[in-house]
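**Q** Read top to bottom, the protein sequences are chains A and B. Using this note's numbering, the first residue of the first sequence is number 2, and each one after it goes up by one. Using this note's numbering, the first residue of the second sequence is number 150, and each one after it goes up by one.
Quick caveat, the hints were computed from the structure, so don't treat them as lab data. One or more hints might be untrue.
Stated by the list, open to error - Heads up, simulated PhoX-like pairs for lysine-lysine below, C-alpha to C-alpha not over 25 angstroms straight-line:
#, chain 1, residue 1, chain 2, residue 2
1, A, 108, B, 414
2, A, 108, B, 421
3, B, 577, A, 110
4, B, 452, B, 577
5, A, 134, B, 577
6, B, 577, A, 72
7, A, 72, B, 414
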Amino acid sequence: MKRVNVLIVDDNELDRYILRRQLTKIGVESIIEKDDGSTALEFLQDYDKNAMLYPDEFPPVVIFLDINMPKLNGFDFLKEFSTMRTRNELASVVVCMYSSSERLEDKEKAAKFDFVADFIVKGEVTEAFLANKITSLR
Amino acid sequence: MLIVLLTVFEITLTLWSVFEISNGVKFHELNLNHFKYSSQLMNKVSSLDANSNVKVDNLRAVVLNIRQQPIDCMDTINVVNKFIMEAIDTDSAIALCIQDIKDADHALSLIDDFENGSLDKEIFISKLKASAVTFNQTSILFEEPVSKTLSFIMKFMIPLVVIISFFNIIFISFMSNTITRSIRHAIQQLNHKKKKISLSDDISKNVSGELKVLLQAAQKRITSEMLMVEVNKKLETLDEQRTESLTRANQELSQFAYRTSHDLKAPLSATKILTRFIIEDINAGQLENAVQDTQHVHDQMEKLEELVMGILSLTEADSTENINSSINLDMVLDDIQQRLSGMMNLSDYTMERHINLDHALVNNQTRITQILENLISNALKYKDNSKPDVPFVRITISELVESYQLDIEDNGIGIPVDRHDEVFGMFKRFHPQISFGSGLGLAIVKKHVDYLKGTISMETSDQGTKFSINIPKVIV
Chain A
2 MKRVNVLIVD DNELDRYILR RQLTKIGVES IIEKDDGSTA LEFLQDYDKN AMLYPDEFPP
62 VVIFLDINMP KLNGFDFLKE FSTMRTRNEL ASVVVCMYSS SERLEDKEKA AKFDFVADFI
122 VKGEVTEAFL ANKITSLR
Chain B
150 MLIVLLTVFE ITLTLWSVFE ISNGVKFHEL NLNHFKYSSQ LMNKVSSLDA NSNVKVDNLR
210 AVVLNIRQQP IDCMDTINVV NKFIMEAIDT DSAIALCIQD IKDADHALSL IDDFENGSLD
270 KEIFISKLKA SAVTFNQTSI LFEEPVSKTL SFIMKFMIPL VVIISFFNII FISFMSNTIT
330 RSIRHAIQQL NHKKKKISLS DDISKNVSGE LKVLLQAAQK RITSEMLMVE VNKKLETLDE
390 QRTESLTRAN QELSQFAYRT SHDLKAPLSA TKILTRFIIE DINAGQLENA VQDTQHVHDQ
450 MEKLEELVMG ILSLTEADST ENINSSINLD MVLDDIQQRL SGMMNLSDYT MERHINLDHA
510 LVNNQTRITQ ILENLISNAL KYKDNSKPDV PFVRITISEL VESYQLDIED NGIGIPVDRH
570 DEVFGMFKRF HPQISFGSGL GLAIVKKHVD YLKGTISMET SDQGTKFSIN IPKVIV
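Can you build the whole structure from these sequences, using the hints too?
**A** The following block contains the structure:
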């Protein structure tokens, strides 16, 4: 598989662990984890610094984004990120929602952002499914 | 009332005067006719001589005409006329009328006698002539009392009417002035605000008569209307409040259902995948990984258990029966410590108890226990390992005059400043790295405190957190 930089934004350590393990299994090598929307935004904001610090893993190509996070939740992140991506080289970044929510309301809300490519429900994810998604996202 | 009587009297008098004057004019007319017919008779009698033929029918008709005038006059005169005429000494007119009728009757009998032939023509003519002269004289005599009566009415009644009218005007302006003055006085008195006197006292003291009745009725009406408006306003507010609280309860419930299903599902989904990992790892011989993931599964199950317990106690908070009993706080705290020691190693903490009560705390034991247990367990969970001091939780329960004060204080990590207003919400976790809780603890505490009609407040900083709960005493 082609090299894909992935950023996982989820406050739940176990969910991050599960996703990382599944992604690793399908051949994704560069994975960075953030435990909240706010830390993820900071990470993307410091573009130049992080591009130097992680020459192979930055910038991410796909962001897996949880919705329920304590400080800055997934939707808040999307709003902030939509203004941020217009000015940096982040324009090509796609977001894939990664949540346990199955509410239609949440899916519609996320779909309003054109850079949100998919909505994956936690617990329904198999490696084959994930591989399929990553390939189609590219 | 007086003014009405006076006005009615004035109008009656005026009408009556007008009527009398018109009567006087009628008397004049009658007299004029009388005079005319008398002259006719005189002429007819004068033209009679021994040779000419006597037209008896003509003569009779003229005499009947003459006779008709006093009869009409007597008809016109009423009791009041009679009374007034007697009073002003003009009743001779009535006597004249009566005499005139008699004279006419006499003249008629002369004509009858002449017709029968029992009266000589010459004698008849001279007698009839005398009658005509009498009629003429009566006419002249009649004029005087009639004029006198009329002038009396003109002289006396009209000034009387004028005087009464004048008096009437003065009386009306006096009354309107009095009314205006008393209204003005009342306005002045009522405008001048007095602190100690109520409006109704003010009215009964400073206003009198019908104005007082009016003001009192108006006051009553206004008071009742204001009361109505107030009641309506209160009902409206109550309605709004109910709607608002219902909407809020609905929102809370849907939020609760959403979060519950989310938080119940998350550990299950994770466990499902983890067990697959474990199988893979065992098959691959990576037992260390398998052990680690099994530990994860265990943690998830623990989390799930705690969430289910939390939900149960939250629903219990709504359904707990309100049975009050005398609570042995030492025993309650012992039990809590016992239960918590199953979850964490309590030897790392110090727990202080300060119970200062004059009387045993009487309240709902289930609620008090859950409040204390949740707060103590929070204090222990969010200890601050970076501080040199041993983590502590200090429980102080004291009796005030009308309430009990429960303080639970710790030297833990505190709650982030910007999230204080979320503290008592459901599913709120402020330390995801440390938390292994359901996010329901403080929501449960708040619910119990609300049920007990108490208040809860919080002071928190990086030095630690202190919850203070005030619960009113139960009236036994």
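**Q** Need the status of pair residue 577 of chain B, residue 72 of chain A: alpha-carbon distance at most 25 angstroms?
**A** OK: residue 577 of chain B and residue 72 of chain A at ~11 angstroms, within 25 angstroms.
**Q** Given the hinted pair residue 72 of chain A and residue 414 of chain B, is their Cα-Cα distance within 25 angstroms?
**A** Given that 25 angstroms is the threshold and the Cα spacing comes to 22 angstroms, the pair holds.
**Q** Between the alpha carbons of residue 108 of chain A and residue 414 of chain B, is the straight-line distance 25 angstroms or under?
**A** 18 angstroms, holds
**Q** Holds or violated: residue 108 of chain A with residue 421 of chain B, Cα cutoff 25 angstroms?
**A** Roughly 23 angstroms between the alpha carbons, so the hint for residue 108 of chain A and residue 421 of chain B holds.
**Q** Would you mind confirming whether the straight-line C-alpha gap from residue 452 of chain B to residue 577 of chain B stays at or under 25 angstroms?
**A** Since the Cα atoms of residue 452 of chain B and residue 577 of chain B sit roughly 15 angstroms apart, the hinted pair holds (cutoff 25 angstroms).
**Q** Under the criterion that the straight-line Cα-Cα distance not exceed 25 angstroms, is the pair residue 577 of chain B, residue 110 of chain A satisfied?
**A** Roughly 22 angstroms separates the two Cα atoms, so the pair holds.
**Q** Run the distance test for residue 134 of chain A versus residue 577 of chain B: straight-line Cα separation, threshold 25 angstroms.
**A** Between residue 134 of chain A and residue 577 of chain B the Cα gap is close to 33 angstroms, so the pair fails against 25 angstroms, i.e. violated.
When the structure is compared with the earlier hints, a violation turns up for hint 5 alone.
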